[in-house]
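Asks: Sequence:
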Amino acid sequence: MKKKSIKIALLDMYNGEPNQGMRCIIDIVNRFVPFVSFKIFDVRGKCELPEIDQYDIYISTGGPGNPLEGDGIWDQKYYAFIDAIVKWNLENPIKKHVLFICHSFQMACKHFGLAEITKRNDTSFGVMPINKTKEGLTDLLYQGLEDPFYAIDSRDYQVVQPKLSVFVKKGAKILSLEKIRDHVQYERAIMAVRFTDQLVGTQFHPEADPISFISQLRNKEVKERIRKMKGKRKFRNMLENLIDDDKIYRTNETLIPNFLRYAISDLMKTKKISSN
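Here the sequence shown is numbered in the working numbering, starting from 347 and rising by one per residue.
No lab work stands behind these hints, which were simulated from the structure alone. It should be emphasised that the depicted structure is a prediction, and the values quoted were computed from it without experimental measurement. Heads up, some of the hints might be wrong.
[Claimed, not checked] Here are the computed lysine to aspartate or glutamate pairs in the EDC-like style, where the Cα-Cα straight-line distance is at most 16 Å:
1) Lys392 / Asp429
2) Lys465 / Glu533
3) Lys480 / Asp468
4) Lys519 / Asp468
5) Lys433 / Asp543
With the hints as extra help, turn the sequences into a complete structure.
Replies: Dropping the structure here:
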């Protein structure tokens with residue numbers, strides 16, 4: 347194959363706000379150069395979406411705000427994009443691969459009708475343990491991660507009350523759930539779903555690295571808000587977890603690279619078959 351023959355579209359859902367998430371994603375994608383090239387599309391700010399026949403792999407980022415709300419333009423265009431990807435994969439031997447993260451994941455779950463999207467009782471923010479389901483134990487996305495593994499969680503909304511009959515009908519699978527909380531009665535949120543063989547999403551931020559997270563703590567207002575929300579002891583534990591090689595570093599180095607390696611391998615195989 348020619349160099350840079352695999353094209354990646356990065357769908358920016360941060361609505362024009364400065365963010366470390368896209369920087370982290372670009373850092374990971376750059377590890378796969380020269381096999382790939384990429385372009386960023388500002389979905390919410392400029393209503394930009396790629397032509398699906400022009401790109402092979404898509405990573406759709408997290409972002410602020412209510413995933414149930416849009417302006418009636420960009421959000422409808424985004425849902426139409428998801429439908430077009432699904433239709434393409436049903437009709438073509440060379441598949442498109444998509445990773446949905448956080449805000450994008452919530453929107454995808456809503457669009458596929460898999461579960462309810464609700465506002466959390468309080469914000470989830472910090473280094474959190476993620477528990478694999480039975481399906482998640484064998485999914486290639488999680489290969490190389492322990493059970494539980496750790497990831498950055500940052501959300502005011504959650505995916506809950508899965509409609510299991512819809513999961514069965516669509517062939518979707520829940521890959522992981524949030525930590526068990528014995529002291530509260532709230533339902534455990536869904537933390538990852540494989541929608542199809544090529545489409546997968548995570549509620550947490552697999553792209554996050556300690557540098558991006560710690561940079562937020564340089565803002566005194568943010569630091570004090572987190573301390574107040576978590577308490578001093580949990581805040582210290584969170585900082586210790588950030589520098590643990592087997593936690594955030596491991597997830598950053600494993601999950602999105604797993605997604606990209608699988609997608610690139612599948613594309614190289616099917617493109618070669620199609621060219622013969």
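Asks: Look at each hint and say if it fits the structure.
Replies: Hints, one by one, checked against the model:
| no. | hint | in the structure |
| --- | --- | --- |
| 1 | Lys392 / Asp429 | violated, 20 Å |
| 2 | Lys465 / Glu533 | holds, 12 Å |
| 3 | Lys480 / Asp468 | violated, 28 Å |
| 4 | Lys519 / Asp468 | violated, 27 Å |
| 5 | Lys433 / Asp543 | holds, 14 Å |
Violated hints, in rising order: 1, 3 and 4; the structure is consistent with all others.
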